[in-house]
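Enquirer: Read off the chains here:
There are 4 protein chains.
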Amino acid sequence: MAKDFRIGMIGYGFMGRAHTNAYKRVSDFFDLEYRPVLKAACARNEESVKAFAENWGYESIETDWKQLIARDDIDAVDICVPNNLHEEIATAAAENGKMVLCEKPLAIDAEQGERMCQAIEKAGVPNMVWYNYRRVPAVTLAKRMIDDGLLGRIFHYRANFLQDWTIAEDLPQGGAALWRLDAAAAGSGVTGDLLAHCIDTAIWLNGRISTVNAMTETFVKERMHNLTGKKEPVEIDDACAFLCRFSNGSLGLFESTRYARGHKALYTFEINGEKGSLKWDLHDLHRLEYFNYDDDERVRGWRSIHVTDHGGDHPYMDHWWVPGLQIGYEHSFVHQVADFLEGLATGQAASPTFRDALETQKICDAVLSSAQSQSWTEVA
Amino acid sequence: MAKDFRIGMIGYGFMGRAHTNAYKRVSDFFDLEYRPVLKAACARNEESVKAFAENWGYESIETDWKQLIARDDIDAVDICVPNNLHEEIATAAAENGKMVLCEKPLAIDAEQGERMCQAIEKAGVPNMVWYNYRRVPAVTLAKRMIDDGLLGRIFHYRANFLQDWTIAEDLPQGGAALWRLDAAAAGSGVTGDLLAHCIDTAIWLNGRISTVNAMTETFVKERMHNLTGKKEPVEIDDACAFLCRFSNGSLGLFESTRYARGHKALYTFEINGEKGSLKWDLHDLHRLEYFNYDDDERVRGWRSIHVTDHGGDHPYMDHWWVPGLQIGYEHSFVHQVADFLEGLATGQAASPTFRDALETQKICDAVLSSAQSQSWTEVA
Amino acid sequence: MAKDFRIGMIGYGFMGRAHTNAYKRVSDFFDLEYRPVLKAACARNEESVKAFAENWGYESIETDWKQLIARDDIDAVDICVPNNLHEEIATAAAENGKMVLCEKPLAIDAEQGERMCQAIEKAGVPNMVWYNYRRVPAVTLAKRMIDDGLLGRIFHYRANFLQDWTIAEDLPQGGAALWRLDAAAAGSGVTGDLLAHCIDTAIWLNGRISTVNAMTETFVKERMHNLTGKKEPVEIDDACAFLCRFSNGSLGLFESTRYARGHKALYTFEINGEKGSLKWDLHDLHRLEYFNYDDDERVRGWRSIHVTDHGGDHPYMDHWWVPGLQIGYEHSFVHQVADFLEGLATGQAASPTFRDALETQKICDAVLSSAQSQSWTEVA
Amino acid sequence: MAKDFRIGMIGYGFMGRAHTNAYKRVSDFFDLEYRPVLKAACARNEESVKAFAENWGYESIETDWKQLIARDDIDAVDICVPNNLHEEIATAAAENGKMVLCEKPLAIDAEQGERMCQAIEKAGVPNMVWYNYRRVPAVTLAKRMIDDGLLGRIFHYRANFLQDWTIAEDLPQGGAALWRLDAAAAGSGVTGDLLAHCIDTAIWLNGRISTVNAMTETFVKERMHNLTGKKEPVEIDDACAFLCRFSNGSLGLFESTRYARGHKALYTFEINGEKGSLKWDLHDLHRLEYFNYDDDERVRGWRSIHVTDHGGDHPYMDHWWVPGLQIGYEHSFVHQVADFLEGLATGQAASPTFRDALETQKICDAVLSSAQSQSWTEVA
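Protein chains in written order, with the working numbering: chain A, 75 to 454; chain B, 75 to 454; chain C, 75 to 454; chain D, 75 to 454.
It does not matter which identical chain is meant; a pair holds if it fits inside one copy or across any two.
Here are the computed lysine-lysine pairs in the BS3-like style, where the Cα-Cα straight-line distance is at most 25 Å:
#1 Lys-124 - Lys-98
#2 Lys-124 - Lys-140
#3 Lys-349 - Lys-217
#4 Lys-338 - Lys-353
#5 Lys-77 - Lys-113
Everything labelled a hint here was simulated from the structure, so no lab data went into it.
Owing to the predicted nature of the structure, the values given are computational and were not obtained by experimental measurement.
Go ahead and model the full structure; you've got the sequences and the hints to work with.
Expert: Okay, structure coming up:
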């Protein structure tokens with residue numbers, strides 16, 4: 075019989091739903107030593123958290139996260155609240171001996187992130203940050219191909235995360251729904267929200283980024299604030315692009331914006347190596363594009379790999395349906411839970427841990443600092 | 075509080091898993107009057123069905139479907155066994171007052187299907203056949219666009235379902251894993267398995283098919299049979315293509331095969347009307363291609379609609395994540411359960427009912443008969 | 075010094091322009107023993123042919139093709155007039171010892187085509203029919219790959235030629251501009267105009283077609299006739315689809331229409347073999363899609379080959395620009411002239427000759443006959 | 075009768091061929107007041123230039139460009155030699171009263187370019203620089219759509235020019251074939267060769283670039299030099315990427331490399347505005363992707379415009395074949411000649427003139443300077 079993995083979920087927004095769905099589904103598709111149990115959901119608004127708990131089947135609710143982390147029947151705390159609240163909760167939970175699964179980005183900045191790492195490592199509890207795109211099968215396949223040397227020496231890495239949902243000038247900022255536009259809650263704009271994903275994947279696939287040179291812009295300078303009821307300056311970055319150099323000598327180019335009309339969540343990356351190249355795109359996440367220079371010249375071309383095969387070849391896919399039938403966005407979270415739980419069983423922590431995620435935080439810090447100083451900036 | 079909808083599942087293969095997953099997930103994402111309860115799983119092999127029930131959380135098991143349909147604590151029976159077993163189970167279940175959800179195709183042939191319709195209608199129980207592709211959001215959107223007149227008069231309909239998994243000559247036939255290659259269990263080959271899907275969507279989108287002209291082929295004539303342990307003639311159709319005429323005057327062209335190297339489950343359709351055209355493809359099921367002749371000429375082109383928007387515009391999608399984040403194959407089943415349960419609540423039966431699915435059966439019969447007689451054949 | 079290849083062109087429409095352009099350009103890009111000389115252009119309307127000759131640089135004009143074919147300074151006659159005029163001109167030209175390059179389809183029907191073959195063979199003059207798509211580099215590459223055995227045993231061939239330019243009911247028929255809608259001038263509708271291309275490519279790539287089963291339709295039954303000034307019945311086929319069997323045991327599916335909204339000239343084919351598959355599409359004619367089953371399973375996918383490489387690998391491309399820079403539609407004609415002239419030099423006739431093209435004519439006849447008799451029809 | 079436009083061509087490489095082809099073809103497809111005459115071809119190597127002249131039909135040859143520009147029977151000089159030779163020839167030709175058509179980039183740097191502009195403007199002769207991509211119909215269509223306000227306020231512009239032909243370490247540098255790798259002849263690497271194209275299009279579509287921030291890299295540090303016969307340092311940039319700001323407030327991101335495995339000549343751009351977005355790609359140059367935010371939400375998607383329509387809607391295309399039939403790379407040069415000759419007739423100079431092209435030179439200078447100083451740099 076599987077052992078219980080008893081979860082206390084804090085927050086019930088988009089990520090609260092995505093994580094909860096993952097916990098509920100993982101045991102149906104993966105044969106694991108641990109089986110998640112939805113023990114308690116926690117949020118300040120009692121009515122809302124009650125509805126959430128009832129909808130998803132949490133056994134109980136809490137309205138104070140301090141109560142939650144004090145409970146004996148909770149093994150792990152999942153933090154799905156705005157970024158500015160991560161540190162306090164994660165630290166306290168760890169001190170109480172709870173495992174911590176924290177939504178990305180880890181923290182508001184690297185300084186805070188470093189403190190969180192120290193706290194969690196001192197407590198010695200298993201921990202993870204939800205950079206879920208590592209577990210999209212096509213992205214995992216890219217990782218394996220690169221690690222197997224299929225690309226050879228890397229020359230270039232480029233990634234974009236393009237959205238278009240904040241173009242309207244009358245969109246307000248702040249509050250529960252729009253905290254991502256509020257610098258106090260989010261820390262930054264697209265940098266922490268979107269580029270953090272691009273950076274996490276990049277360093278996973280291509281190693282350390284050593285130095286960056288960034289540009290940011292805020293296109294709409296003032297927005298009505300949901301908390302003050304007044305027009306307030308917008309202090310987040312609406313767009314951010316940066317040049318960088320990786321430690322392996324390759325060049326990087328990253329861009330993110332919420333002002334790219336026509337793109338809803340177009341996260342793309344491409345990596346060019348001596349022997350081959352890879353491309354991926356979140357809008358068709360079940361495909362990986364691959365160019366293999368070793369192919370016979372006359373029949374060489376970019377291959378569109380439909381990442382739905384079985385038999386161990388296409389990561390995670392033997393757990394799902396039959397070849398040709400695609401999975402979706404949410405499955406990346408299921409895979410991440412599966413890997414975390416397998417890590418518990420084997421003692422090999424699933425990545426990215428807090429410490430792994432701190433690296434992304436440092437790069438985000440360097441990016442924002444570079445944009446301000448208008449100069450090349452070393453990653454700390 | 076939601077009312078229980080107590081399910082007795084018969085079979086535990088690919089479809090047993092897909093349906094079960096749908097029952098388990100629907101209440102998390104849809105607010106419905108009924109909530110599925112996994113009451114019992116049934117199959118002849120006790121060990122296997124026990125493992126299946128445990129994996130998915132069925133409360134009990136049965137090894138004899140007659141026991142299952144006799145139980146008072148079952149509201150609905152879901153039939154996920156080979157086609158040749160549908161009639162007996164469905165009829166008996168209906169006679170016992172159970173709702174019946176039957177995997178497609180409805181029956182071995184239309185004669186059998188007609189008997190099933192009469193039995194289920196006599197019993198007066200809600201019923202449905204799992205032609206799940208109607209509930210892929212992009213396909214549902216196509217239906218709405220056509221019904222809204224965006225295509226105008228229809229000239230052409232074409233559909234393919236291409237696979238490549240039976241090319242190897244040493245693949246055996248028959249038994250639990252490969253009953254789809256055994257005519258005794260499946261009734262036919264690609265016609266009932268794959269073309270039935272194409273036909274169901276086609277008549278839903280474009281109305282009645284009146285006459286057909288088909289060609290079939292069996293490329294590998296003999297295969298080892300898992301039940302007899304000997305080489306036996308292959309009696310199913312490996313490939314089938316047919317021309318047809320719809321009652322609305324448009325022409326149809328359908329093809330299916332398991333010998334199209336490079337295609338895993340490439341179900342595609344295209345419909346051409348006076349004012350516009352639509353295309354869809356199961357390998358990228360979250361996209362719908364649309365050509366609108368009313369667009370200004372110089373900027374006219376096929377649009378690739380990423381069917382992930384919210385707000386009621388993109389069918390079902392407001393129940394899932396945020397715009398730009400795709401769902402997968404399995405969600406079509408969740409939607410079908412949602413619609414069935416909503417139909418129970420409103421009294422408006424969700425399509426396709428047994429009677430709706432009988433129409434597809436009649437067309438399949440005409441197709442197979444035409445292939446044999448080598449002549450144009452009226453749909454009965 | 076190159077020898078002169080002195081051309082007499084009959085007709086000045088779309089094909090007259092395309093062929094003339096090919097003659098003018100071939101020597102710039104191909105090093106050949108023969109160099110085309112635009113000797114004379116011929117058409118009944120003096121003013122029009124004069125303008126045409128002046129525009130393109132023909133040295134002289136004729137208004138009677140009998141005068142043209144009688145001239146001593148003409149080596150070859152190019153026939154770019156409606157189909158119903160091919161036989162008389164080609165036969166007379168051949169009898170006068172002229173080489174004949176005839177626009178496709180060869181004839182109104184196979185009976186006429188057979189007479190033409192006999193006449194041209196009796197005269198012993200080099201001859202060719204303008205099935206230009208054989209010389210699109212991507213299509214030629216497909217031919218080479220198939221001949222090299224890269225696809226193995228073939229199971230399926232399918233081709234479409236979809237257009238949408240005759241949907242408007244007020245489009246007239248007949249006359250110089252619209253003779254393709256007039257059965258008297260064209261012989262048939264999409265069958266001779268568009269399917270003939272699909273068939274020519276198919277038999278080149280996949281061998282003989284033995285039996286066919288077709289359906290035709292005329293959506294607009296009457297159109298104003300430009301010659302009579304009255305509404306007249308439309309006697310051509312607006313759409314035609316057919317099933318067929320190739321002599322190598324593979325199945326074929328062909329469709330053509332001028333009522334597929336959104337497609338201008340979408341000629342596509344796909345061929346599925348045991349070891350691989352190929353796809354091509356005229357709207358992006360510089361690309362060939364290739365699936366290679368021998369690729370390592372985890373990185374297998376359809377390759378999009380950008381057929382612009384040099385070095386003998388990509389047919390014809392070393393004559394043009396640099397890798398990555400695409401050519402267009404007209405280049406297929408340049409290649410055909412180059413091959414014809416090389417055939418003159420080597421004595422190896424370039425395909426398709428009249429005799430080669432007669433095969434397509436026979437299949438077209440069988441298709442039209444099958445549509446009328448509503449039955450499977452052997453190719454003569 | 076058309077007036078003669080007598081050309082003296084200097085150089086016979088890739089660009090010499092592309093321009094010559096354009097001169098030879100333009101009168102066949104465009105009805106113009108001037109008709110190009112291939113008067114003389116000039117290059118130092120007599121044998122080579124003789125072969126070139128004979129191949130293409132130049133009436134005469136010269137081996138000294140000073141002789142060429144002194145001839146009375148030459149109206150215009152076309153400069154297709156390495157960048158470091160542009161100034162001297164262009165200046166002398168202009169002083170001799172010749173029109174000058176100069177291959178891009180205009181000069182080695184902006185200082186030289188400025189002198190060239192002054193010389194040509196003092197001479198008052200018509201002039202043009204061959205930034206041919208402005209005349210790809212899809213790109214011209216993009217220009218018209220932007221000018222018509224279809225995109226609204228612009229937020230983002232991004233462009234790439236990716237190649238992979240210099241990855242091999244044993245590829246030498248310098249000499250006739252490889253002068254693009256030799257800083258002495260080329261001035262810079264990808265910046266002047268490839269980014270110059272991206273920049274020219276960008277400022278044409280989106281206006282002035284005010285400030286840039288660049289990074290360059292030379293991956294292979296030493297190569298055998300064809301002129302010295304020894305290993306020499308590589309002094310060009312193999313890769314260059316830069317951030318920039320346009321005067322209209324939009325952000326730009328540009329990248330070019332010859333180390334992007336799998337891309338032969340992948341020039342792409344994308345522009346995002348409040349009301350819509352556009353994308354284009356040289357590998358499929360006959361297509362323009364367009365997202366129109368004004369489309370009804372449920373059927374909104376990126377449109378792939380096949381830029382082959384007639385009737386004045388798709389730029390230049392009514393001069394070619396029929397809708398659906400694509401043109402290729404070389405046609406952009408034909409269009410540029412047509413526009414230049416029409417400019418002669420109307421007195422409205424076709425863009426880009428030397429002065430227009432100087433702007434791109436200034437931006438290239440700023441880019442290279444920024445890469446060296448590692449700081450944001452104003453465009454002069």
